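Trainee: Sequence:
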Amino acid sequence: MIEILKTLNIKGEIAILNLKSRTLRKKERQALKNARQLCGKFSIKHGLDEKHPEMPEKVKRAMAIENSGVKAQEKYEEFWGLSRFRKNNLRKELRSQYLAYAFLRGDAYITIEEKRYTKPDFDRIRDIVSEHSEQNKEDIRVVLQRFEEWVQSASKVE
1 MIEILKTLNI KGEIAILNLK SRTLRKKERQ ALKNARQLCG KFSIKHGLDE KHPEMPEKVK
61 RAMAIENSGV KAQEKYEEFW GLSRFRKNNL RKELRSQYLA YAFLRGDAYI TIEEKRYTKP
121 DFDRIRDIVS EHSEQNKEDI RVVLQRFEEW VQSASKVE
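To convert, note that position 141 of the sequence shown is 141 in my numbering; the numbers rise steadily by one, no gaps.
Any given hint could be a false lead.
What the hints assert, rightly or not - In silico DSS-like links for lysine-lysine, alpha-carbon gap of 27 Å or less:
#, residue 1, residue 2
1, 75, 20
2, 156, 33
3, 26, 87
4, 119, 20
5, 27, 75
6, 87, 71
These are computed hints drawn from the structure, not numbers from a lab. Here the structure is a predicted model, which means the values were calculated and not measured.
Using the sequences plus the hints, can you model the full thing?
Mentor: Structure representation (structure tokens):
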């Protein structure tokens, strides 16, 4: 029962982080689209051809906004800020959550990450594991000892 509670709680956190990632990606796309419209760029599907010899009305309205260049720059900065946060911070946290979840389920590290390019943040994973073990009143020393063995087996993979 304790194992089920631990994994359900961490699965919920992983689901929330995935939802945050999807939401940020939507906001990124919207900011990029707005910035491009403010600059007078528009998607290829609205390109100029025989049927559509002029720019779309949305693009014309966006370009007519006063200081559209400054606003476009702000939107590009918003896009890059969201993108960096999602790729640098959120991905690392999701990876740590997934690896902690795998450890709590009893999966071997090699089965989770067969190929990797960067070393995981084992300190953060240890914090997540100890946090979920404390919530379920499990002997933390036993869990951390198992975790250290898990980390040693992961180090052999390199």
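Trainee: So, for every hint listed, does it hold in this structure?
Mentor: Here's how the hints hold up against the structure:
{"no.": "1", "hint": "75 / 20", "result": "holds, 20 Å"}
{"no.": "2", "hint": "156 / 33", "result": "violated, 46 Å"}
{"no.": "3", "hint": "26 / 87", "result": "holds, 14 Å"}
{"no.": "4", "hint": "119 / 20", "result": "holds, 24 Å"}
{"no.": "5", "hint": "27 / 75", "result": "holds, 11 Å"}
{"no.": "6", "hint": "87 / 71", "result": "holds, 24 Å"}
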